[in-house]
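Go by the hints and put chain B onto chain A.
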Amino acid sequence: MTVLKPHRQNATEPDLIPLGQDGVLIRFSLINDPQVSDQVIATRHEIEAAGIDGVEEIAGSLTSALVRYDPVRISRTDLIHRLAKTMAQMTPQQVQTGRHWTIPATFDGIHMQEVCELTNQNRDRVITDIVKTALRVLAIGFAPGQPYLGLLPDHWNFPRQDHLTQNVPAGTIITAVQQLIPFATTGVTGWRQIGYCAFRAFSTNRNEPFVLQQGDMVRFEQVSESEMADIEKSNTDGMGGARCRAQL
Amino acid sequence: MSGTAVIEVISAGPALTLQDLGRPGYVQQGVAPGGAADPLAILEATALLSVFQPVTAIEMPLIGGAFRTNAPIFFALTGAPMQARIDDQPILWNASHWLQAGQTLQIGSVTQGTYGYLSITGTLQVPPILNSRSNYRSIKPRPPLTAGDTLEVIPAQPQPPLRLPQPDRFDGGCIRVMPGPQSDLFPQAERDRLAGTAFTRSPQANRQGVRLDHDGPGFLPESSATLASDFIKCGDVQITGDGAPYVLLADCQTIGGYPRIGTVVQDDIPKVAQAPAGAPLNFQWLDTDAADALYQPMSAQLRRIRDQVKPLIRDPRDISDLLSYDLISGVTDAKAPQG
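One line per chain: the protein sequences are A and B, in this order. Each residue of the first sequence is one higher than the one before, counting from 1 in my numbering. Each residue of the second sequence is one higher than the one before, counting from 249 in my numbering.
Pulled out of the complex, with its shape left as it was, chain A reads as follows (with noise of 0.2 Å):
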């Protein structure tokens, strides 16, 4: 659990702005600041836990929230001030982190090499780095499921590449600007690929299609390329070996 401040102690009050005719989107900050994430998850939670009648979906990114409603049932105006009310009324509060998982990794992405000269370390330096950190998942989005992790120590604020890859295979760990993704479908990207779980964070072969949540903690184990054989021999539901400890 991590101590939350109230929300506009560190921030800027956050812009309650039109995102088309049926929603509202709580912006607490227009560039990526790590600060904001906690701010996000509280006041996604807060806005749920409020209950405001006509609110269809509230949703959270890495730095808003976006609430979309009936607009039959409550006014865009009436809307934006109950959301005011409610985050004024916010207090200081511990977060839930939400669950803990692990997810059996390989460390031998193509652009491994290139990550070890961008952080200026070796490749146990860089593996160390990552499976030593506890990774927040601090948005889902791109493709069903897919979770930004983040984020690692600040050497590893290097940018995407120019270029794209295309054919990037499912479960591929992929790395730019302090964050991890475990690719969730075979796809393109202009992030660098430097390892590989058999985890699939969105799968129909399961009951739960997707299992991560925004606010959930993703620690990644390394495993050898055999223990990852083996893992993949048995992984219809797409799980690769991943397992969650509830928060306590």
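Label-pair restraints from in silico Cβ distances:
| # | chain 1 | residue 1 | chain 2 | residue 2 | range |
| --- | --- | --- | --- | --- | --- |
| 1 | A | Ile31 | B | Thr536 | 23 to 29 Å |
| 2 | A | Ala134 | B | Pro528 | 53 to 59 Å |
| 3 | A | Val177 | B | Gln405 | 53 to 59 Å |
| 4 | B | Asn454 | A | Asn122 | 42 to 48 Å |
| 5 | A | Val177 | B | Thr488 | 17 to 23 Å |
| 6 | A | Glu221 | B | Gly464 | 51 to 57 Å |
| 7 | B | Asn454 | A | Val177 | 24 to 30 Å |
| 8 | B | Pro392 | A | Thr91 | 49 to 55 Å |
| 9 | B | Gly464 | A | Arg73 | 40 to 46 Å |
| 10 | A | Val72 | B | Thr474 | 35 to 41 Å |
| 11 | A | Val177 | B | Asn318 | 52 to 58 Å |
| 12 | A | Asp108 | B | Pro528 | 48 to 54 Å |
Some chain A residues near chain B, calculated using beta-carbon distances under 10 Å:
| # | residue |
| --- | --- |
| 13 | Gln21 |
| 14 | Asp22 |
| 15 | Arg68 |
| 16 | Ile140 |
| 17 | Leu212 |
Hints listed in this document are in silico derivations from the structure and should not be mistaken for laboratory results. Using N, Cα and C, we set each Cβ at its ideal position, and we do this for glycine too.
The following block gives chain B in isolation, referenced to the frame of chain A:
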């Protein structure tokens, strides 16, 4: 009518997918609502088939396909008009018809617009994923249809064919746009210029979005600071690196990093999606209050469309339309009595 009708796909255009009104409610999990590129076509089909729930349709971009059935099926053709006939008989678009066992429904190229829709009455034997049969990225309740595929439906009750007036949203035109979370990043002069510019729909377009071409410089935000990726939605007018507007459509992602100058109002999204390559498009700004006042829930839109439905009767006075009517399996068909 009982049992299952098996519909055989004899030939298929390149990207025939099942689409309904999508799966709202999963943005937190990285899943956009998705659904039909032209949701109005789904509502029109729902009215033409006289069913209660919005239907699942076969979405046909530019080119349709040929279909045969082993039992009578009742279907609707909506969205972008396409050349369509049953065996050798041309049939009316934006209408519902019967297809009898052994007959072939042939749907050719669009004559206007981009996305045509074939909807078939009855329960389609394709299990939904997250409450929808729409394809969205890795979520594929049913892969795109190709020649040789079959679709099973449990047909609905016999009923008379219906028609709707031909809609007017297939040639581009004026697109109303409201301010969004990043509009203020663009100087007022650039926002004014957006509304004063004549655009054409670029050939570069798909279910994720439509690029717009214009003469003159691109539209640039004031600051070049790296924006955090934030929520995007269908209708957002994204400005890509070269300054060209790109209107996001149903299959856009949930989060994106390009700045967005505004958001197309819900009513005009079908017009953007349907505009064929080269069609003229221009923007008109609405303030938030004016845009909000236009909002209509799906139920109200469907009610408005149902009110316009008329029986597909043959009247000799409509002689110019006569060739377009279904002379074989219309209301006089003994196998399809009015129920």
